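Sequences are here, hints too, so could you generate the full structure?
Those sequence lines, one after another, are chains R and A. Residue 227 in the UniProt record's numbering sits at position 227 of the first sequence, and the numbers go up by one each step. Residue 320 in the UniProt record's numbering sits at position 320 of the second sequence, and the numbers go up by one each step.
What the hints contain is simulated information worked out from the structure, not anything from laboratory work. Remember, it's a predicted structure, so these values are computed and weren't measured experimentally. Beta carbons are placed, not taken as given, at the ideal position from N, Cα and C, and that holds for glycine. Certain hints may be false.
To be verified - Here are the simulated lysine-lysine pairs, DSS-like style, with alpha carbons at most 27 angstroms apart: (1) A:335 <-> A:105; (2) R:187 <-> R:304; (3) A:138 <-> R:236; (4) A:236 <-> R:138; (5) R:58 <-> R:18; (6) R:138 <-> A:105.
To be verified - Here are a few chain R residues that sit away from chain A, every Cβ distance over 12 angstroms (derived from the structure): (7) 57; (8) 66; (9) 91; (10) 213; (11) 223; (12) 224; (13) 287; (14) 299; (15) 310.
2 protein chains.
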Amino acid sequence: MTTAQQIVLASRPNGAPKPENFRLESFDLPQADEGEVTIRVLYLSLDPYMRGRMSDAKSYAAPVPIDGVMEGETICEVLKSRHNDFSPGDIVRGRTGWRTMAVLKGDGLRHVETHGAPLTTAVGALGMPGFTAWSGLKFIGQPKEGETVAVAAASGPVGSMVGQLAKLWGARAVGIAGGADKCAYVKDELGFDAVIDHRADDFASRLASACPDGIDVYFENVGGHVWDAVLPLLNKYGRVPVCGLVAHYNGSSTSETDRLPATMSAILRQSLLVRGFIQTEFAPDHFDEFLSDIGPRVASGEIKYREDIVEGFENAPAAFTSMLTGGNFGKLIVKVS
Amino acid sequence: MTTAQQIVLASRPNGAPKPENFRLESFDLPQADEGEVTIRVLYLSLDPYMRGRMSDAKSYAAPVPIDGVMEGETICEVLKSRHNDFSPGDIVRGRTGWRTMAVLKGDGLRHVETHGAPLTTAVGALGMPGFTAWSGLKFIGQPKEGETVAVAAASGPVGSMVGQLAKLWGARAVGIAGGADKCAYVKDELGFDAVIDHRADDFASRLASACPDGIDVYFENVGGHVWDAVLPLLNKYGRVPVCGLVAHYNGSSTSETDRLPATMSAILRQSLLVRGFIQTEFAPDHFDEFLSDIGPRVASGEIKYREDIVEGFENAPAAFTSMLTGGNFGKLIVKVS
Numbered sequence: 001m002t003t004a005q006q007i008v009l010a011s012r013p014n015g016a017p018k019p020e021n022f023r024l025e026s027f028d029l030p031q032a033d034e035g036e037v038t039i040r041v042l043y044l045s046l047d048p049y050m051r052g053r054m055s056d057a058k059s060y061a062a063p064v065p066i067d068g069v070m071e072g073e074t075i076c077e078v079l080k081s082r083h084n085d086f087s088p089g090d091i092v093r094g095r096t097g098w099r100t101m102a103v104l105k106g107d108g109l110r111h112v113e114t115h116g117a118p119l120t121t122a123v124g125a126l127g128m129p130g131f132t133a134w135s136g137l138k139f140i141g142q143p144k145e146g147e148t149v150a151v152a153a154a155s156g157p158v159g160s161m162v163g164q165l166a167k168l169w170g171a172r173a174v175g176i177a178g179g180a181d182k183c184a185y186v187k188d189e190l191g192f193d194a195v196i197d198h199r200a201d202d203f204a205s206r207l208a209s210a211c212p213d214g215i216d217v218y219f220e221n222v223g224g225h226v227w228d229a230v231l232p233l234l235n236k237y238g239r240v241p242v243c244g245l246v247a248h249y250n251g252s253s254t255s256e257t258d259r260l261p262a263t264m265s266a267i268l269r270q271s272l273l274v275r276g277f278i279q280t281e282f283a284p285d286h287f288d289e290f291l292s293d294i295g296p297r298v299a300s301g302e303i304k305y306r307e308d309i310v311e312g313f314e315n316a317p318a319a320f321t322s323m324l325t326g327g328n329f330g331k332l333i334v335k336v337s
Numbered sequence: 001m002t003t004a005q006q007i008v009l010a011s012r013p014n015g016a017p018k019p020e021n022f023r024l025e026s027f028d029l030p031q032a033d034e035g036e037v038t039i040r041v042l043y044l045s046l047d048p049y050m051r052g053r054m055s056d057a058k059s060y061a062a063p064v065p066i067d068g069v070m071e072g073e074t075i076c077e078v079l080k081s082r083h084n085d086f087s088p089g090d091i092v093r094g095r096t097g098w099r100t101m102a103v104l105k106g107d108g109l110r111h112v113e114t115h116g117a118p119l120t121t122a123v124g125a126l127g128m129p130g131f132t133a134w135s136g137l138k139f140i141g142q143p144k145e146g147e148t149v150a151v152a153a154a155s156g157p158v159g160s161m162v163g164q165l166a167k168l169w170g171a172r173a174v175g176i177a178g179g180a181d182k183c184a185y186v187k188d189e190l191g192f193d194a195v196i197d198h199r200a201d202d203f204a205s206r207l208a209s210a211c212p213d214g215i216d217v218y219f220e221n222v223g224g225h226v227w228d229a230v231l232p233l234l235n236k237y238g239r240v241p242v243c244g245l246v247a248h249y250n251g252s253s254t255s256e257t258d259r260l261p262a263t264m265s266a267i268l269r270q271s272l273l274v275r276g277f278i279q280t281e282f283a284p285d286h287f288d289e290f291l292s293d294i295g296p297r298v299a300s301g302e303i304k305y306r307e308d309i310v311e312g313f314e315n316a317p318a319a320f321t322s323m324l325t326g327g328n329f330g331k332l333i334v335k336v337s
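Pasting the structure below:
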């Protein structure tokens, strides 16, 4: 019998999650049935959406039960296969959850294709975050040449792709990030036209100055006070794809006034489009198109990305909780083995 | 020299407008220049959007200046014409503002076409309110057969058309209205599948019961507490055309909590589309299509409408201020002469 490790949800967080909300356990790996594959996890992707799974508040997906294994996507090596599509040594993506090994149905796995870019991009620039940026911008944001696209968490895996795609498609990219290092990266490395530090006291007026023609597309992945600064800048027929609200995940607003009327009034006044989405809406029909469009650009370095790779499976909880307050810099990935 | 009457904005309202915010005046009608038409106003349309024009808060249109004539659309008879397209006796729609007579450029006028329905429908069921309903539902709401469409102010000119179109296009129509009389009209006369009185203490739970399969399209024309009850009922991929927020027009929310996070979370969780619009976005390309589609149905009685016609130009301010709190029943129109 093979023993592996997993991380389960020990308790639901009250506000910001702490490492104590998780528990590291050993478990006995079952034997693979016909159609199943035994895999060893190489990399675990840590993503903001996982915060939602820790809570039993209404969400777009069911919560992880207490004592249940945390959900997550991983890059794995096939050890043994009882499925025709996979052989030992194959590299696959799968939803193993936070585990070091797993036995999964082969039908839920996908061979990793990165067009020559490093394996880890399969959960970053060429995975769910990159595809979230590409599909949300392409199908909802629809930037036209010369328009202004703004995005927060601009040094992160979604935001960095949004801005680079905006530039690629002929628009102006304005990034919002937290701290001088991230801002410098967004401007100097990623080539955004402007970047604003959301921690600055005069953040709202700086953002306005950086968007002299207003904002045509705001790619919403954080919520919170960034939204308040963006709202008055949105142009007529502005589009707002909403893929995440990380500023809200740890609890409700600290505002003592009702901010809804201002938002609804702006939506009416400016004929805005606000559209929530999860990338799974577009993936079945468009993921392959994304990969063949963006894969070679990532492999060649035309599109840049940054990863924050943490060593050691046992460090996943601390890395995850830090990420929720901006403690990482780049796509957060745990190197498991 | 001919003398006519006009109503100007005497002062900006602080909260709910009062008749004292208006002033009735006489003015000397100018002579028509080449290309202009002298017209006599038969009917003045009173509409909620006019509340926005009284305020100097940011809006989608410039405010009426103090001492300026209130804006508005009217149905008029041509008295004298110096424009080739118009002859004395023609019935036209025009933006004269709140006036009994006017001299306007002929290029801004439009012959009234009602397919045999009464003239007044040109500012109601077959005018701006009807077209708002038709275009918002057709291009944004896009109800599919069997889906549930909910609309507030369901006895009003926009809401009544939204529900009837929803039925015509194969969806289920749930109306929200204020008071037993309006509710009975919506259910019994307009043929909505269900109607809920928003003044009921258990309004939210009644609305939920009336929408056992949730809400696929919520046509937003009021805002306020109706939105709070609708929000948890919206289905995945729900659509929310936003054409008005009459509950907000007289001042900001009375909520002491921030309602924005719940709205943004629902948008994300349910992949909602929220889209503000003004009917002028669609009118140039689609008004004729609307008129030929809906005109004959209104004329034949297949699509029903109700008008609240107030006699006497001088009564416009009181009728308008009452409408903003639901005091009218049907499309509010002032019979001027």
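So, going through the hints one by one against the coordinates:
This hinted pair checks out: residue 335 (chain A) and residue 105 (chain A) have alpha carbons roughly 23 angstroms apart, not beyond 27 angstroms. With a C-alpha separation of about 12 angstroms, the suggested pair residue 187 (chain R) and residue 304 (chain R) falls inside the 27 angstroms cut-off, and the hint holds. With a CA separation close to 21 angstroms, the supplied pair residue 138 (chain A) and residue 236 (chain R) stays within the 27 angstroms bound. Our distance criterion of 27 angstroms between C-alpha atoms is met by residue 236 (chain A) and residue 138 (chain R), whose separation comes to about 21 angstroms.
A hinted pair counts as satisfied when its Cα atoms are at most 27 angstroms apart, and residue 58 (chain R) with residue 18 (chain R) qualifies at roughly 21 angstroms. Simply put, residue 138 (chain R) and residue 105 (chain A) have alpha-carbon atoms about 44 angstroms apart, too far for the 27 angstroms limit, and the pair is violated. The claim that residue 57 (chain R) lies off the interface is violated: its Cβ sits roughly 8 angstroms from the closest Cβ of chain A, which falls inside the 12 angstroms cut-off. Look at residue 66 (chain R): its CB is around 22 angstroms from the nearest CB on chain A, clear of 12 angstroms, so calling it non-interface holds up.
For residue 91 (chain R), the non-interface assignment is confirmed: its Cβ lies about 31 angstroms from the closest Cβ of chain A, beyond the 12 angstroms cut-off. In this structure residue 213 (chain R) is separated from chain A by more than 12 angstroms, as the shortest Cβ-Cβ distance comes to about 18 angstroms. Chain A draws residue 223 (chain R) into its interface by the beta-carbon criterion, the shortest separation being 6 angstroms against a cut-off of 12 angstroms. The claim that residue 224 (chain R) lies off the interface is violated: its Cβ sits roughly 9 angstroms from the closest Cβ of chain A, which falls inside the 12 angstroms cut-off.
The claim that residue 287 (chain R) is not at the interface with chain A holds, since no C-beta of that chain comes within 12 angstroms of its own (minimum 17 angstroms). Listed as a non-interface residue, residue 299 (chain R) keeps its Cβ farther than 12 angstroms from every Cβ of chain A; the least gap is roughly 31 angstroms. The claim that residue 310 (chain R) lies off the interface holds: its Cβ sits roughly 27 angstroms from the closest Cβ of chain A, which is beyond the 12 angstroms cut-off.
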